[in-house]
Amino acid sequence: MKKFNIQITNEVCLVSLVFFLTFLVSCSKEESVADIPELQAVSLHGNVPTDKKGNVNVTVTEFASNIPSPRGLKFGPDGYLYVASAGTGGTTLLTSCEQVIPPVGPYLGGNTSSILKISPAGVITNLVSQLPSDVNALGFTMGVADIEFVENQLYALLDAGCSHGNPDYPTSVIKVNNDGSWSVVANISDYLANNPVAAPEEDDFEPDGTLYDLINVRGNLYSVEPNRGDLIKITTDGTITRVLDFSAQYGHNVPTSIAFHGNFYVGNLRTFPLVKGSSKIFKVTPDGEVKIWAEDFTGILGVAFDAQNRMYVLETSAVDNGPAPGTGRVVRLNNDHSRDVIIDNLTFPTGMTFGPEGALYISNAGFGPPVGQILKVEFN
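Each residue of the sequence shown is one higher than the last, beginning at 905 in our numbering.
Keep in mind that the hints were calculated from the coordinates and are not lab data. Among the hints, a few may not be true.
[To be verified] Derived pair list, reagent style SDA-like, types lysine to any residue, alpha-carbon separation capped at 20 Å:
(1) K1079 x Q1153
(2) K1187 x N1099
(3) K1187 x F1164
(4) K1195 x A1211
(5) K1021 x Y984
(6) K1021 x G1084
(7) K1280 x G1084
(8) K1187 x L1237
(9) K1021 x K1079
(10) K1137 x N1099
(11) K1280 x K1184
(12) K1180 x S1242
(13) K1195 x R1146
(14) K1021 x G983
(15) K1280 x A1211
(16) K1021 x P981
(17) K1137 x E1055
(18) K1187 x D1224
(19) K1021 x P1260
(20) K1137 x E1199
(21) K1137 x N1098
(22) K1280 x E1055
(23) K1079 x K1137
(24) K1195 x D1224
(25) K1280 x G983
(26) K1280 x N1099
(27) K1137 x V1194
(28) K1137 x D1200
(29) K1184 x N1091
(30) K1079 x G1026
(31) K1195 x F1164
(32) K1137 x D1108
(33) K1184 x D1200
(34) K1137 x N1167
(35) K1137 x D1107
(36) K1280 x K1079
(37) K1195 x P1260
(38) K1195 x G1181
(39) K1021 x P1006
(40) K1180 x D1224
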């Protein structure tokens, strides 16, 4: 694992959404992390908390690299880190079902997504490969979005379906066995079709959905569907029920991330181009009552709590007119309501989780270039 020397900087790279999309699709699939300056930028620039003497209080290392589109990640009961890799999409274009409208659609489907497991020493093995993956007309890839354990059983959140070029498998929660075999547990595509929200956004509509986070709360799984604004509960026997329809109260606010700490805490991305300070954290009770809990964030794609009950918020790009490379960061909300930037200058981070030893693990470059990395942040 390579240690990064973190230096404090106030420089921010402002680029347009057009450049962001060009950046995603123009990088060669043969490139590695070492070949991509944007992924090395975190080794040169970073803004991390310091003590009163100005000493850096975190150490950042590269835990794993060369992962295609890393997304959600969790530690398993075996002590290994499990990572959802969304893959690189495919070439299958379907016209037999409702498609996502341009400029986002159509999608091209394939079987390039996977679930990886990484040992404490950073050795990567492929638990299951050739899972459905898709890429839209703008170069965004989707596939396995997140993973979660219920007791010792691994489950994964899969973005697929006919509108994504994968007719054989719906957007779903799948059950993954130790031998790499898997099966669909809950058909989310069917649920979305039969349970419309109050205020769907016609110009940004995904027939099969684009679910993002997956968490375990008392043996049940929960996820958010950003396109519709749906917070749902998924039992391990496949029953899906709605906890909250965000669209009924907040319109098209694009909820992407969810954590549970007595209540649900949901972060939203908002639409592109990003407006600095427009993202929020919503507090949702188990009964579905909702209120705004914290404001003034940008482009939220992750929420987590540490052992001291402090919230961490992952911003994939924390600037106006983003997303922009090198502007992602993690912000900590302390118990006295102050905020610390734990690390910044990240390139399109897409997920984070705490390890059993208290370190924070981050999926970096999850939306491109084609290869990403897992960063480990240790608190000194």
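Check the hint pairing K1137 with D1200 against an upper bound of 20 Å on the C-alpha distance. With a Cα-Cα distance of about 28 Å, the restraint between K1137 and D1200 is violated, given a limit of 20 Å.
Restraint status (C-alpha distance of K1187 to F1164 at most 20 Å): Since the Cα atoms of K1187 and F1164 sit roughly 10 Å apart, the hinted pair holds (cutoff 20 Å).
Check whether the Cα positions of K1137 and N1099 lie no farther apart than 20 Å. 13 Å, holds
When you check the alpha-carbon spacing of K1021 and G1084, does it fall within 20 Å? 11 Å, holds
Verify the proposed pairing of K1137 with D1108, using a straight-line Cα cut of 20 Å. Between K1137 and D1108 the Cα gap is close to 23 Å, so the pair fails against 20 Å, i.e. violated.
Would you check the hint for K1021 and Y984, treating anything up to 20 Å between C-alpha atoms as holding? With a Cα-Cα distance of about 6 Å, the restraint between K1021 and Y984 holds, given a limit of 20 Å.
Sort out whether D1224 lies within 20 Å of K1195, counting only the CA atoms. 25 Å, violated
Quickly compare the C-alpha distance for K1280 and G983 to 20 Å and report which way the hint goes. Holds, at roughly 15 Å.
Between the alpha carbons of K1180 and D1224, is the straight-line distance 20 Å or under? 5 Å, holds
Take the C-alpha atoms of K1195 and F1164, compute the straight-line distance between them, and say whether it is at most 20 Å. 15 Å, holds
Run the distance test for K1187 versus N1099: straight-line Cα separation, threshold 20 Å. 23 Å, violated
Do the alpha carbons of K1195 and P1260 lie within 20 Å of each other, as the hint requires? This hinted pair is violated, its Cα atoms lying about 31 Å apart.
Violated hints, listed in ascending order, are 1, 2, 4, 7, 11, 18, 20, 22, 24, 26, 28, 29, 30, 32, 35, 36, 37, 39; each of the other numbered hints is respected by the structure.
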